[in-house]
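2 protein chains.
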Amino acid sequence: MAEFFAAHRVILEQAIAACRARGYWSAYPETPSARFYGEDARPAAETAFKALLGKPFPLDQDGDAEPVGAEVSPYGFPLGITYPKRSVAALIGAAQRAGIAWAAASVEARAGLALEILARLNRDSFLMAHAIEHTTGQAFVMAFQAGGPHAQDRGLEAVAYAVDEMTRIPATARWEKPQGKGPPLLLAKTWRIVPRGIGLVIGCSTFPTWNGYPALFASLVTGNAVIVKPHPNAILPLALTVRTARAVLGEAGFDPDVVQLAPDSPEAPIAAELATHPAIGIVDYTGGPAFGRWLREHVRDAVLFTEEAGINPVVIAGAPDLRGMCANLAFSLSLYSGQMCTAPQNLFIPAEGVETDQGTLSFEAVASGIGEAIDSLLADPARAAAILGAIASPATLERIAAARRLGRIVRDSTPLPNAGQARTATPLLVAVEAEDDRAYLEERFGPIAFLIRCRNAEEALARAAASARAKGAITAGLYATDEAFIARAAEAFARAGVPLSVNLTGGIYVNQSAAFSDFHVTGLNPAGNACLTDSAFVANRFRVVAVRRPIAA
Amino acid sequence: MAEFFAAHRVILEQAIAACRARGYWSAYPETPSARFYGEDARPAAETAFKALLGKPFPLDQDGDAEPVGAEVSPYGFPLGITYPKRSVAALIGAAQRAGIAWAAASVEARAGLALEILARLNRDSFLMAHAIEHTTGQAFVMAFQAGGPHAQDRGLEAVAYAVDEMTRIPATARWEKPQGKGPPLLLAKTWRIVPRGIGLVIGCSTFPTWNGYPALFASLVTGNAVIVKPHPNAILPLALTVRTARAVLGEAGFDPDVVQLAPDSPEAPIAAELATHPAIGIVDYTGGPAFGRWLREHVRDAVLFTEEAGINPVVIAGAPDLRGMCANLAFSLSLYSGQMCTAPQNLFIPAEGVETDQGTLSFEAVASGIGEAIDSLLADPARAAAILGAIASPATLERIAAARRLGRIVRDSTPLPNAGQARTATPLLVAVEAEDDRAYLEERFGPIAFLIRCRNAEEALARAAASARAKGAITAGLYATDEAFIARAAEAFARAGVPLSVNLTGGIYVNQSAAFSDFHVTGLNPAGNACLTDSAFVANRFRVVAVRRPIAA
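Chains A and B are the protein sequences, given in the same order.
If you read the first sequence in our numbering, its first letter stands for residue 4, the second for the next number, and so on.
If you read the second sequence in our numbering, its first letter stands for residue 4, the second for the next number, and so on.
Extracted from the complex, chain A is given alone in its bound form (with noise of 0.2 angstroms):
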């Protein structure tokens, strides 16, 4: 254990210095390529995902109830895997069991593994890729990024900022009160960190590992047993975490049972029952605002994170560059289909025009340049493929069609060509009036866009700031040359809790959240109560419990 914290010490230096300077930083590669994970790991992963398939996965953790296990790639396969099951009675009683060498290590010894874990997974990125390809319809490139080193970075984040707060208490003080003239009075005093309960993480469909991976690690690092309880249609990505950190974890000498998996299926889902069982802790949730209501109004004395759902809005007022603001928002649009919970929705667009390097355009033709932009970028049907991948859920296909249905269609949606059995779908862009606030104040998840013609850009601020806070949102945009107006915004957006991104162009967009810099959620409407990753997230998954005792002077 002691090597492992010596091993990566350094890098958790270097990921805390970086969570206070906020600038760019990054611990695992990004890029899949064979100069920083070796000429072997892409063909090695793909034979390794193929012997997944069709079997049972192997992990060292007997059930008690049948295996369950139903996940069918959005590209068009069943995986035919198969998990372990374990009862709520079981998991939770090997968690307690398993929690209490856990919770009498050290804070370095539960650091090194925790980075060892995230090392192990690094190395097995590619891997990760196939399989969240193959659970959430991610193109490959991006179920590599998204799913491997940026889930990765994540999860280091959150062992940087729980590291650096246990480390804030210290083990012992002596605490020495003058007296007048009389000898003071004198107590040696120590604390322990002591973890809150077991922590239990319920992972979404879409990100299990870049949204999972701060709970897992915070939870585990201020030692709290963890219970992983994935999504029915994406199990795979955590089934292959939890394998790693049950490998490291029984090197190292522990209860591989520190980090267990729940798998489940929607015919009998455990969600519940674990969440509200009173030996759990701490519940973190990425999902549905359905059950984050239900979480939020059972889960009593745990405490819990969640993000759920947000209708993320972007106004337009003016366009400095009209081209450059076009293509970055059909990229936005586009980028797995969608699917992204930092994807925009509602494209407020004054109708009395918008002022843009090739003069005021009308709300129509910005419209359309939007629409186009889309086109342009998925002509091409391979470059079309590896930016939307593939649908995750069928639900999606009838929410895009009865969206059809709420406006004026702009772009239709259509699968792409010669995706075979993949699930595909081109974004949809339907324009409405801004009275016509049913079909666009609710997330209509997937590749679903409106455009929100309001008279002017006062009103599109106002409506859209508005609809962050009432409904939530994660993300926001603004495209704009007036300053006054985009100080304005900044305003109004601070107060609805999201934040903003103005004039993106280029390569960066709206829905990319990096470690290290952006605060991911802001806690402050319906989107959710936390934020990945800041003090509030880590510092109440441990508390601090003392003795005193008289000194000698």
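Calculated from the structure, these hints are not laboratory results.
Among the hints, erroneous ones may be present.
To be verified - Label pairs and their in silico Cβ distance ranges:
1. B:92 with A:438: 27 to 37 angstroms
2. A:103 with B:68: 52 to 62 angstroms
3. B:20 with A:109: 40 to 50 angstroms
4. A:67 with B:490: 34 to 44 angstroms
5. A:487 with B:50: 51 to 61 angstroms
6. A:411 with B:293: 50 to 60 angstroms
7. B:10 with A:254: 52 to 62 angstroms
8. B:184 with A:103: 45 to 55 angstroms
9. A:268 with B:184: 48 to 58 angstroms
10. A:109 with B:486: 35 to 45 angstroms
11. A:268 with B:99: 44 to 54 angstroms
12. B:20 with A:59: 53 to 63 angstroms
13. B:92 with A:487: 28 to 38 angstroms
No experiment lies behind these values; they were computed from the predicted model shown.
Where is the CB? At the ideal position from N, CA and C, for every residue including glycine.
Place chain B on chain A using the hints.
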């Protein structure tokens, strides 16, 4: 405002350093002496207190409802003070209006103002002592210390934690991501601290300032307007506090409604309506577990910090200094008539005898030793009055009467002789068998303690730790000579989430909790979900919102 910060900067830096080191430190002199507070302070405060009696409290906060206030001194006279009352709607509206400019102020401006409020509260500590004495019943010196400088230290501690946490967020960063041979991606990022919402502080009847200041100052410094809802029996101490805060706010050009007093009456309580109002972002509560449970069930999206109740155990396994132990416990049980959330209630004593420096003593001998130490401590009526103070609530006398029937009376509770109109009661000691846990497994607030006959030290420890975990405890004491047993006890109480004091004799008592060193309440058992003060107590009172914008290389 800048002057306030400059004037108090050094004390803030010292406070931040003290929170890290956790040795002894205090900003405000605890001795009620002219040396620190000036010759005039004491007589002037007496005059000022008398001038407040029998009339409307002078507060620059207009009401829209009938004034309230029916405080009666536990020393036997009605205060006759009424307070202006605002409806919930008026309170919320005023907080929202005043909160805008407050949220926009800098961290330094808010911290400087908070420190100025604390400095003025310190200057006025003698007046606060009268207010605390005649609402809570604390004797004058204790009222001065706990209600004045110790409470101010706890407030300063919260300011220090909050400032430390907020200043870890950089205001700006340049994010520069390398792009191989191409030019880097460049973003300018800025972050602003956004308060969570209006803070509600629900005060208690026994330590309204000591328990209220951490919440008040933590919410205030993090940018939230604050509504202070005092207990109907202890309005005056928080009214004085709010008056001081409003004066400083006004002088600095802020709307005084950044801090409002929200007094109510037992007949028309407003805490529930306030706590569940959607504009409230933070609820801090100190009080009984019945309303605590109600809050935990009904407060949804606001963050909730509670201190409720506990049954604090002491395990007597051995006594290296029997006289010292008995004297120490006698004081802990007598101080403020046991009306402290940190006072011991349950003394677990082995039936098989206790090894002491005076030989092995029976359960009965230890029990009588403690009883006699109380008699001796309280033999002089003047000294007894100064230790016991008065009983805050008549319900406590009823609890004493009921507790007499729960076992064998080892030492009966009596009123103090010559106490006049004051409501007084000395400690009641009741001996019970370990199996009679209906008697001692609930909080019996006041001067009531149980001597619990356990088979042996192991059973005593097991029952004590289990009671803390199941029912809550804020302190635990241990007397023992066997170091291995002490280590096991430290482990058991750590798991139960209770700080442990070992072999206290002389001038340090288990009920004392020192700012900047002792974490008060762990949040790990039903005694409360939060700690005064740690990072978790402050980090979630504000959120962070970003603006990011491309810049040229």
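>> Range first: 52 to 62 angstroms. Now tell me if the beta carbons of residue 103 of chain A and residue 68 of chain B are that far apart.
In response: 55 angstroms, holds
> Cβ-Cβ distance between residue 67 of chain A and residue 490 of chain B: within 34 to 44 angstroms?
Replying inline: Because 36 angstroms falls inside the window, the suggested range holds.
> Within 51 to 61 angstroms or not, the Cβ separation of residue 487 of chain A and residue 50 of chain B?
Replying inline: 55 angstroms, holds
>> Please check whether residue 10 of chain B and residue 254 of chain A have a Cβ separation lying inside 52 to 62 angstroms.
In response: For residue 254 of chain A against residue 10 of chain B, whose Cβ atoms are near 57 angstroms apart, the range 52 to 62 angstroms holds.
> Honestly, do residue 92 of chain B and residue 438 of chain A meet the 27 to 37 angstroms range at C-beta?
Replying inline: 29 angstroms, holds
>> A range of 48 to 58 angstroms was offered for this pair. Does it hold for the Cβ distance of residue 268 of chain A and residue 184 of chain B?
In response: This hint holds: roughly 49 angstroms between Cβ atoms.
> Falls inside 35 to 45 angstroms, the C-beta gap from residue 109 of chain A to residue 486 of chain B?
Replying inline: Cβ of residue 109 of chain A to Cβ of residue 486 of chain B: about 22 angstroms, so the range 35 to 45 angstroms is violated.
> Honestly, do residue 20 of chain B and residue 59 of chain A meet the 53 to 63 angstroms range at C-beta?
Replying inline: 57 angstroms, holds
>> Range first: 28 to 38 angstroms. Now tell me if the beta carbons of residue 92 of chain B and residue 487 of chain A are that far apart.
In response: Holds, at about 34 angstroms.
> Does the hinted range 45 to 55 angstroms hold for residue 184 of chain B and residue 103 of chain A at CB?
Replying inline: Hint holds: Cβ distance 53 angstroms, inside 45 to 55 angstroms.
> Between residue 411 of chain A and residue 293 of chain B, does the beta-carbon spacing fit 50 to 60 angstroms?
Replying inline: Check passed, 57 angstroms falls within 50 to 60 angstroms.
>> Please check whether residue 20 of chain B and residue 109 of chain A have a Cβ separation lying inside 40 to 50 angstroms.
In response: 25 angstroms Cβ-Cβ, so the 40 to 50 angstroms window is violated.
Taken one by one, the earlier hints fail for this structure at numbers 3 and 10, listed in ascending order.
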